[in-house]
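Make a model of the complete structure from these sequences and hints.
There are 2 protein chains.
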Amino acid sequence: MKLATLKDGSRDGRLHVVSSDLTRAVPASGVANTLQQALDDWMSMEPRLRALYDRVEAGAAIEAHPFDPAACASPLPRAYQWADGSAYVNHVELVRKARGAELPESFWEDPLMYQGGSDAFIGPMDDIPVTDERYGIDFEGEVAVVTDDVPMGISAEAAVGHITLVMLVNDVSLRGLIPGELAKGFGFFHGKPPSAFSPVAVTPEALGDAWDGGKLHRPLLSTLNGALFGKPEAGVDMTFDFGRLIAHAAKTRPLSAGTIIGSGTVSNKDSGGGPGKPVADGGLGYACIAEIRMIETIRDGKPSTPFMRFGDRIRIEMLDDDGASIFGAIDQTVVKAGG
Amino acid sequence: MKLATLKDGSRDGRLHVVSSDLTRAVPASGVANTLQQALDDWMSMEPRLRALYDRVEAGAAIEAHPFDPAACASPLPRAYQWADGSAYVNHVELVRKARGAELPESFWEDPLMYQGGSDAFIGPMDDIPVTDERYGIDFEGEVAVVTDDVPMGISAEAAVGHITLVMLVNDVSLRGLIPGELAKGFGFFHGKPPSAFSPVAVTPEALGDAWDGGKLHRPLLSTLNGALFGKPEAGVDMTFDFGRLIAHAAKTRPLSAGTIIGSGTVSNKDSGGGPGKPVADGGLGYACIAEIRMIETIRDGKPSTPFMRFGDRIRIEMLDDDGASIFGAIDQTVVKAGG
Numbered sequence: 001m002k003l004a005t006l007k008d009g010s011r012d013g014r015l016h017v018v019s020s021d022l023t024r025a026v027p028a029s030g031v032a033n034t035l036q037q038a039l040d041d042w043m044s045m046e047p048r049l050r051a052l053y054d055r056v057e058a059g060a061a062i063e064a065h066p067f068d069p070a071a072c073a074s075p076l077p078r079a080y081q082w083a084d085g086s087a088y089v090n091h092v093e094l095v096r097k098a099r100g101a102e103l104p105e106s107f108w109e110d111p112l113m114y115q116g117g118s119d120a121f122i123g124p125m126d127d128i129p130v131t132d133e134r135y136g137i138d139f140e141g142e143v144a145v146v147t148d149d150v151p152m153g154i155s156a157e158a159a160v161g162h163i164t165l166v167m168l169v170n171d172v173s174l175r176g177l178i179p180g181e182l183a184k185g186f187g188f189f190h191g192k193p194p195s196a197f198s199p200v201a202v203t204p205e206a207l208g209d210a211w212d213g214g215k216l217h218r219p220l221l222s223t224l225n226g227a228l229f230g231k232p233e234a235g236v237d238m239t240f241d242f243g244r245l246i247a248h249a250a251k252t253r254p255l256s257a258g259t260i261i262g263s264g265t266v267s268n269k270d271s272g273g274g275p276g277k278p279v280a281d282g283g284l285g286y287a288c289i290a291e292i293r294m295i296e297t298i299r300d301g302k303p304s305t306p307f308m309r310f311g312d313r314i315r316i317e318m319l320d321d322d323g324a325s326i327f328g329a330i331d332q333t334v335v336k337a338g339g
Numbered sequence: 001m002k003l004a005t006l007k008d009g010s011r012d013g014r015l016h017v018v019s020s021d022l023t024r025a026v027p028a029s030g031v032a033n034t035l036q037q038a039l040d041d042w043m044s045m046e047p048r049l050r051a052l053y054d055r056v057e058a059g060a061a062i063e064a065h066p067f068d069p070a071a072c073a074s075p076l077p078r079a080y081q082w083a084d085g086s087a088y089v090n091h092v093e094l095v096r097k098a099r100g101a102e103l104p105e106s107f108w109e110d111p112l113m114y115q116g117g118s119d120a121f122i123g124p125m126d127d128i129p130v131t132d133e134r135y136g137i138d139f140e141g142e143v144a145v146v147t148d149d150v151p152m153g154i155s156a157e158a159a160v161g162h163i164t165l166v167m168l169v170n171d172v173s174l175r176g177l178i179p180g181e182l183a184k185g186f187g188f189f190h191g192k193p194p195s196a197f198s199p200v201a202v203t204p205e206a207l208g209d210a211w212d213g214g215k216l217h218r219p220l221l222s223t224l225n226g227a228l229f230g231k232p233e234a235g236v237d238m239t240f241d242f243g244r245l246i247a248h249a250a251k252t253r254p255l256s257a258g259t260i261i262g263s264g265t266v267s268n269k270d271s272g273g274g275p276g277k278p279v280a281d282g283g284l285g286y287a288c289i290a291e292i293r294m295i296e297t298i299r300d301g302k303p304s305t306p307f308m309r310f311g312d313r314i315r316i317e318m319l320d321d322d323g324a325s326i327f328g329a330i331d332q333t334v335v336k337a338g339g
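These protein sequences, in sequence, are chains C and F.
Per this note's numbering, residue 1 is the first one in the first sequence, and the count goes up by one each step.
Per this note's numbering, residue 1 is the first one in the second sequence, and the count goes up by one each step.
Because the hints were derived from the structure by calculation, they are not lab data.
Keep in mind that the hints are not guaranteed to be accurate.
To be verified - Derived SDA-like pairs (lysine to any residue); straight-line CA-CA distance at most 25 Å: (1) K215(F) with K7(C); (2) K336(F) with S155(C); (3) K184(F) with A337(C); (4) K184(F) with N33(C); (5) K184(C) with E105(F); (6) K251(C) with K97(F); (7) K251(F) with D148(C); (8) K251(F) with L319(C); (9) K7(C) with K97(F); (10) K251(F) with K277(C); (11) K336(C) with S155(F); (12) K251(C) with E105(F); (13) K251(F) with G338(C); (14) K97(C) with F186(F); (15) K269(F) with F186(C); (16) K251(F) with R11(C); (17) K97(F) with P179(C); (18) K184(C) with L112(F); (19) K184(C) with A98(F); (20) K97(C) with G311(F); (21) K7(F) with D148(C); (22) K184(C) with K269(F); (23) K277(C) with K251(C); (24) K336(C) with G311(F); (25) K251(F) with S155(C); (26) K97(F) with G185(C); (27) K7(F) with D127(C); (28) K184(C) with D312(F); (29) K251(F) with K251(C); (30) K184(F) with E105(C); (31) K184(C) with D12(F); (32) K7(F) with S44(C); (33) K184(F) with D132(C); (34) K251(F) with R299(C); (35) K97(F) with G311(C); (36) K7(F) with K97(C); (37) K251(F) with N33(C); (38) K269(F) with P306(C); (39) K251(C) with Y135(F); (40) K251(C) with K269(F).
No experiment lies behind these values; they were computed from the predicted model shown.
Listed below in structure tokens is the structure:
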């Protein structure tokens, strides 16, 4: 089943069921007005939404209209929790290597995770407003899941069963603000302005073979100003699967329905086990600019790829075996705030 | 105006208007079912809630019933944002001093703030479930405000006008988990299980002279197992007022209606400018156990006051000039999770 939230002027938008090929949508108003409302009572809502989805797939939903990703909000336009892991430890190792620091061995056994702001996500095709280009504007292509109610202290194995939906996310990052912020010791705040999620959220079973072992096994495509920037495999080098990430988040507290858990930036090593190469050099590339800058720093002593400027455009997408978009594309342009 | 959310089995509870003396409550269902719903449209809801409050105060609300703080959820049982500052820099300085570290000069000019979990707060008289006593269970008595929609980049002066409600909070902290967590660099997660807020949220104007300059000027009373533990003045030694804290939170992103901003642990220096003394020594005491342990560490080389054990009880309250409770009391007992 595929779900989307269309903008309707309200804070939470209007829940829609979307056809698997992303061509048609139908309002879910007979079942739930908003996605949060559906998640609050998922056990009873999910079969009813699925019945509507089956009608859409069968071409029997006469109320269906063409699906327009540009009219989408993030599936949850605001959420009660957004906790983002850093499951591709290769990414963390590269960040450290670029500044000459060792990666603590524990980072391979204990996930990194930060509490993100979730009160106002931007839509998948909304502009990204930033006050100052000198903040070091970067995208981060990630996978994210939405949970139902998760009890405190759950095991990683049991946690996988609490995943209701899978999405892509652009975890916008202001690189220039992060080092000073992390040095203060309280984690990210200014460095992480609102994220955007893919137009469509998909149930795990609708992902078929691409969903296995709590991981999504497809390349994550990032296209920067029209040029392919990365195609790392989301199912490869993911040190912690989503079950581990959810269990980590729930160690000392329960998680409420509608909690979003992110994978962190998708990042692959190269086939020889070294850091991955840029697309231009025949590699799989990257899901954020910081990573190619680290590679450049390690190789050349300094980075050469600039962060994003006003007017720059980032597209993040995942295709199935037939080349069709699974989640629809996040496709955003950086603009000057208030400009 | 005073507002409370009574538990009704739903996730968001039921909004009530409460009399200034906290004796009577009336459902706000004619105006808004939940506090978030009221905050989403505060400009139009606030006058209607106030009209109901005036009727309650005049004794004209025949539908009023006795107000029972034990039946309360936190005013926002779940919120889209909980960002907690550390505005009493004295507290931060003490933490550092206890481990022999200097306080960076910038900490006096640039607020510390962390993004907290907000998906499931516990009620003001709910038990605090913790898995393991060895986590180092502590309370933190703080003041918090709720904002309406705050634009990105707002000034501290303008931000004060975006405060809709004031509350108290117990920001439960697991001290034993925090050092390792902060060392990883991504901020708090396991160390901050769900917080609890006071039974009642109060509009700034209803606080009278106690609300001035974006600060709340009354002693914050913490009572641990029936003994007064602290009575520091919330309006004193607050390095950053709530306007500064909100402006800090909104530097790179807007804040949505219903955002909760915390002050951090209330903490006073003593009259000579040194760290405050315990109540037993004639001082104002503390709003968390960690602080008396720091004083003991500085004085004796090691802490002697233990953290909370299962069965320990903490009460956090603020009284007006006549000794009446302003927000009602947070009154919680630590229990073994699942026990």
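(message) Need the list of violated hint numbers for this structure, in ascending order.
(response) 1, 3, 4, 6, 7, 8, 9, 10, 12, 20, 23, 24, 25, 27, 28, 29, 31, 33, 34, 35, 36, 37, 38, 40
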